[in-house]
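Given chain A, work out where chain B should sit, using these hints.
Going line by line, the protein sequences match chains A and B.
No gaps in the numbering here: position 28 of the first sequence is 28 in our numbering, and each next residue is one more.
No gaps in the numbering here: position 51 of the second sequence is 51 in our numbering, and each next residue is one more.
It should be emphasised that the hints constitute simulated quantities derived from the structure, not laboratory data.
Heads up, the beta-carbon is just placed ideally off N, CA and C, and yes, glycines get one too.
Please note: incorrect hints may appear among the correct ones.
Reference listing, derived: stretches of chain A covered by chain B, where coverage requires no fewer than 3 residues with Cβ under 8 Å from a Cβ of chain B [unchecked claim]:
#1 18-27
#2 45-59
#3 87-97
#4 101-113
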Amino acid sequence: MVPNWVSVSISCFALLISISSLYYTRSKFLSDSLHQKEDLKHKKEKDKETFIVSLKDDLNSLRKDLVEIFVSKETINYIKRDDFTFYLYKQSNDIKKYLSEDNYEKWLTLTLEIDDALNLVIYKHDHSSISDVLIKIRNFIKLI
Amino acid sequence: MKKERIEYDFAKEFSPYPGPREIRIGPFSGELFREEVLESFFKNEQPLLLNIDNTKLSFGPSFLSESFGLFAKKHTLEKFQDFLHVKQDSEKGKKFYEKMMEYVMREIKHGS
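The shape of chain A in the complex, shown without the other chains (with noise of 0.2 Å):
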């Protein structure tokens, strides 16, 4: 027959070896998910770094071409019209995702002011709101 103090002392190790492993299946666990919120910042960031040199690019061609249409006073068809506003609304999920409340607001101010002056040019032959339209597109990439 086991004396009964061999049997408590399986039982306490026994206890104890459950309380260290669930312990360390706890660190464990919060370790990881640690890991995995880190990594997912971090990649959220490097997108959002991503998607605005990427913004910069593409409205600083924008403004080349915008440039060109008020320096060569071309007469622009609807369909160069669709291709800009098609390429302003493709960015705004993004604009959205990536920047502010305020910084989205501003961009859809931009993309109104782009389209009315755009119009203007198909529509009136005028130019003029163009050169507006470009130092605001430039404040907008400083901006971000």
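What follows is chain B alone, placed relative to chain A:
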């Protein structure tokens, strides 16, 4: 009694080429669409299902702001959403709806 919603084919009944913001700038403007189409159907309590699938060009931000934005601002968002539904069977219809609502919300929040 509320009338049954009817489908309004934008390309067929207004223009396949949505125009600029104001009437003074060019044809098929947002202002013209608001005054002659939206206000007129609303006055007759005739709810619409807007179908934009056959348009040849996308809607410019200024058209959306001037037509749907100002209309919703005048009549409240609730009445606007009750009056106007957008046919969203196609990807084009869905995207149009998202874009339209951006400018509607903007006009309601910030329009002066």
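Structure-based check of all given hints:
no. : hint    : result
1   : 18-27   : violated (count 0)
2   : 45-59   : violated (count 0)
3   : 87-97   : holds (count 3)
4   : 101-113 : holds (count 4)
In this structure, the hints that do not hold are numbers 1 and 2, in rising order.
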